[in-house]
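> For the record, the sequence lines run as chains W and F.
Quick note on the numbering used here: the first sequence kicks off at 1 and runs consecutively.
Quick note on the numbering used here: the second sequence kicks off at 1001 and runs consecutively.
Worth flagging that the hints you see were computed from the coordinates, not collected in a lab.
All figures in this text were calculated on a predicted structure; none of them were measured in a lab.
Keep in mind that the hints are not guaranteed to be accurate.
List of simulated lysine-lysine pairs, BS3-like, C-alpha gap at most 25 Å [what the hints assert, rightly or not]:
| # | chain 1 | residue 1 | chain 2 | residue 2 |
| --- | --- | --- | --- | --- |
| 1 | F | Lys1082 | F | Lys1096 |
| 2 | W | Lys378 | F | Lys1002 |
| 3 | W | Lys378 | F | Lys1040 |
| 4 | W | Lys288 | W | Lys273 |
| 5 | F | Lys1096 | W | Lys343 |
The primary structure of each chain is shown beneath.
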Amino acid sequence: MSTNWTIDTVKEALATKKISARELTIEFCKRIDQKNPELNAYLALSPERARRQADKIDALIAAGKPLPALAGVPVAIKDVISTRGTTTTCGSKILQNYVPPFDATAVERLEAAGAVILGKTNCDEFAMGSSNENSAYGPVRNPVAMDRVPGGSSGGSAAVVAAGLAVASLGTDTGGSIRQPGSFCGIPAMMGSYGRVSRYGLIAFASSLDRIGPFAKNVKDVGAVLGVIAGRDPHDSTSTTVPVPDYPAEISKPVKGMRVGIPKDYFAEGMDKGVRKKVEAGIELFRKLGCELVDIRMPHTDYAIAAYYIIATAEASSNLARYDGVRYGLRVKNDSLLSMYRKTRGAGFGPEVKRRIVLGTYVLSSGYYDAYYLKGQKVRSLIAKDFQVAFTKVDAILTPTSPVPPFKLGERSSDPLQMYLADIYTVTGSLAGVPGISLPCGKTDGNLPVGLQIFGPAFGETQILTLAHAFEREFGAGT
Amino acid sequence: MKISREDVLRVAELAYLDLSEAELETYRAQIDEILEYIGKLNELDTTHVEPMAQVLSTDQAADATLREDLVIPCGVAEDILKQSPDPEPPFFRVPKVIER
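Given these sequences and hints, build the entire structure.
What follows is the structure, encoded as structure tokens:
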């Protein structure tokens, strides 16, 4: 049986009765049983929920009723996104046995569109990391290169799609956590504009930055999943009423004459040679497609990491205050309430989370607030301005996704600052709130995937999907 | 040195976070290095720059006006209490905080 299922091939196979939704679900469960022990990409499975949903789809087919957009499509959900009745650990010991009493809006919408939810994917603890090595449940292996990391923090969500253990998946992106693992695992991965997808049920890391978005095998499927989960949700006051286009229908529009910006500031030193070669070749392909390449400057790029790690850790220190051993998760017993808090948090959080809580609390603390937190917010304005200015000249911006190809497990985990610096090309768009997609653009000489990133203006998802789709067709899907 | 051992202790106390001796020193050194790096922001003159707390512009923000205040039953109290390490429905039980 094909390992390359897409939304279209699932649709076709169900419509022609080559396979039932139930059979397809069982097939994916079998594959997961076979391959997951090695990959460690799924943390929990929801086979009953999946079978129930598959049976519903089969009943629709039997009755000859019209099928919803994602009918029977097996999907996976990052473990920081709430799923009713299935454990949601955030990759943390502090939520080891936590079972949410409700579904995140994105999950609810996927299921309402017919998707079959297979289970929950491994990730860095509370989505803090760029390699998936910060999970309390062990690292995920990169299915494209088994001795390498899949990227992070949505490493599991990228790995299951790349390995054919789900047709699509949801991840979350705060500073690159969708795009970078997409790049590392050689598949398209996208974060929509801030406000495009409801965050209701997403367990918060940094609320002004967190976004839910899709991984899939091709750009059309990425657009299809984004279209299903996007749109206003009364449960999230930052989800906007900006209309949601029919992305899959729009993406075949011509790209000839579109103006594409190449920011010199993203091509400075520090980029791996193999990555540079593939990204530059990718950019040339856009010229071939009839796009006009425009040199632009984004002068504050070099300050993005510093601003990001102030803002993200400050927000995290506040959001993670809720883990106190009272309402859910781990409790380390103690006779005093305050000691119970301290010991529970000390035992429940892993090193990266503790480091970020300390840093975030520090930059917000009396005497340091202006020097760090306020400064970070001001520099965020400058970075957002860089994007606004650029988008008066161009329709989209092309950059590498990551300065390095997937690295070996354990190779970088001992030096947090070095790990943070590798987020340089993704955090800018996170701070500015603009949409971004990472696309596979070839492999290094060492056969490691390279990702090309396209940024668009806020709510310009259609134009970056259109460019991505044209690139993918020209480049050759799935190669 | 940007951050001292005392600073880390003070911040850990603010965050109700127990740290071992080894953790204290490791995080202090790592955070010191990160703060040193963050210091590069001082190269930028931001005197006349507005801080940005969120990215949505007014016309994109969905809730320009407050919604009506409605009571909507959600019926999850039981499920929620089940998640507590020490529930005593309808309460969460915690160690005593007021001495007699």
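> Next step is simple, just say for each hint if it's right about the structure.
Hint-by-hint comparison with the structure:
Note on F/Lys1082 and F/Lys1096: the hinted pairing holds, with a Cα-Cα distance of about 21 Å set against a maximum of 25 Å. Under the criterion of a C-alpha separation no larger than 25 Å, the hint pairing W/Lys378 with F/Lys1002 is consistent with the structure, at around 21 Å. For the hint pairing W/Lys378 with F/Lys1040, the CA-to-CA distance comes to about 14 Å; that is within 25 Å, so the pair holds. The suggested pairing of W/Lys288 with W/Lys273 holds, with an alpha-carbon distance near 23 Å, which does not exceed 25 Å.
Between the alpha carbons of F/Lys1096 and W/Lys343 the distance comes to roughly 16 Å, so the proposed pair stays at or under 25 Å and holds.
The earlier numbered hints are all upheld by this structure, with none contradicted.
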